[in-house]
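Protein sequences, first through last, are from chains V and C.
Quick note: the first sequence uses this note's numbering, first residue 1, plus one each step.
Quick note: the second sequence uses this note's numbering, first residue 112, plus one each step.
Among these hints, one or two may not hold up.
[To be verified] With a straight-line Cα cutoff of 16 angstroms, these simulated EDC-like cross-link-like pairs (lysine to aspartate or glutamate) come out: (1) Lys-37/V <-> Glu-212/C; (2) Lys-108/V <-> Glu-39/V; (3) Lys-124/C <-> Glu-193/C; (4) Lys-108/V <-> Asp-84/V; (5) Lys-22/V <-> Glu-39/V; (6) Lys-168/C <-> Glu-2/V.
[Unchecked claim] Coverage of chain C stretches by chain V, computed from C-beta distances (three or more under 8 angstroms per stretch; other residues unrestricted): (7) 120-133; (8) 151-163; (9) 173-186.
The hints are simulated quantities; they were obtained by calculation from the structure and are not laboratory data.
Ideal Cβ positions, reconstructed from N, Cα and C, are used throughout, including at glycine.
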Amino acid sequence: GENVEQHPSTLSVQEGDSAVIKCTYSDSASNYFPWYKQELGKRPQLIIDIRSNVGEKKDQRIAVTLNKTAKHFSLHITETQPEDSAVYFCAAAPGTYKYIFGTGTRLKVLA
Amino acid sequence: KAGVTQTPRYLIKTRGQQVTLSCSPISGHRSVSWYQQTPGQGLQFLFEYFSETQRNKGNFPGRFSGRQFSNSRSEMNVSTLELGDSALYLCASSLGGLANEQFFGPGTRLTVL
Numbered sequence: 001g002e003n004v005e006q007h008p009s010t011l012s013v014q015e016g017d018s019a020v021i022k023c024t025y026s027d028s029a030s031n032y033f034p035w036y037k038q039e040l041g042k043r044p045q046l047i048i049d050i051r052s053n054v055g056e057k058k059d060q061r062i063a064v065t066l067n068k069t070a071k072h073f074s075l076h077i078t079e080t081q082p083e084d085s086a087v088y089f090c091a092a093a094p095g096t097y098k099y100i101f102g103t104g105t106r107l108k109v110l111a
Numbered sequence: 112k113a114g115v116t117q118t119p120r121y122l123i124k125t126r127g128q129q130v131t132l133s134c135s136p137i138s139g140h141r142s143v144s145w146y147q148q149t150p151g152q153g154l155q156f157l158f159e160y161f162s163e164t165q166r167n168k169g170n171f172p173g174r175f176s177g178r179q180f181s182n183s184r185s186e187m188n189v190s191t192l193e194l195g196d197s198a199l200y201l202c203a204s205s206l207g208g209l210a211n212e213q214f215f216g217p218g219t220r221l222t223v224l
């Protein structure tokens, strides 16, 4: 069935260090992979996305990599700041008008 | 452009009751998706509507239903509420293609006692 596994479930890093969150999807038809950030008590907001014809995408301190062969994609945050503390969700869209979300990673950036 | 809005923001119900939640998408967006968010489970897909038609649904019991109106506003209904239905219900709107950015509403926090 359709499934997205996300690891780790919690991640603590020192301010200025890098953070990496990894996701694996099951449906090989998936062709769109968004990442959402959800701050406490707020709605999820898209921070970056990647499509299946691209291997890597960067936006300032945030980057996403995609390995379609391994069905694996990752979020990389460099030079972390306290405001990066939030829950991050990965998702995969298998082209059936639904998005399959991972279970989330709680990132804590320690000052 | 106004964002996605959901009403009500908070609801408290008792077991056996039913509830209706509403979602108004961003102007011009014709797709509305609904998700259930619980701690540790992430966002579970409920269903998606486009131009008043349900195009996909998740693995939830028939007590969960939805509909979409001609102005793209959407409602979801949960009948015969159970304690396990307590969750944050989020809706998201998009233009409606197979891989478009979804914009989320603030959610409705449902508590079932």
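Hint-by-hint comparison with the structure:
Between the alpha carbons of Lys-37/V and Glu-212/C the distance comes to roughly 14 angstroms, so the proposed pair stays at or under 16 angstroms and holds. Taking the CA atoms of Lys-108/V and Glu-39/V, the gap is near 11 angstroms; set against the 16 angstroms cutoff, the hint holds. Distance check on the hinted pair: Lys-124/C and Glu-193/C sit about 10 angstroms apart at the alpha-carbon level, within 16 angstroms; holds. Taking the CA atoms of Lys-108/V and Asp-84/V, the gap is near 8 angstroms; set against the 16 angstroms cutoff, the hint holds.
A threshold of 16 angstroms between alpha carbons decides the hint, and for Lys-22/V with Glu-39/V the separation of about 19 angstroms lies outside it, so the pair is violated. Taken as a hint, the Lys-168/C and Glu-2/V pair is honoured in the structure, with Cα atoms around 13 angstroms apart against an allowance of 16 angstroms. Beta-carbon proximity to chain V at under 8 angstroms applies to 0 residues in the segment 120-133 of chain C; the threshold of 3 is not reached and the given coverage is violated. Against chain V, the segment 151-163 of chain C contributes 8 residues with a C-beta closer than 8 angstroms to a partner C-beta. That satisfies the three-residue criterion, and the hint holds.
Only when three residues or more bring their CB closer than 8 angstroms to a CB of chain V does the claim for the segment 173-186 of chain C stand; here the count is 0, and the claim is violated.
The structure fails to meet hints 5, 7, 9 from the earlier list, while all remaining hints are met.
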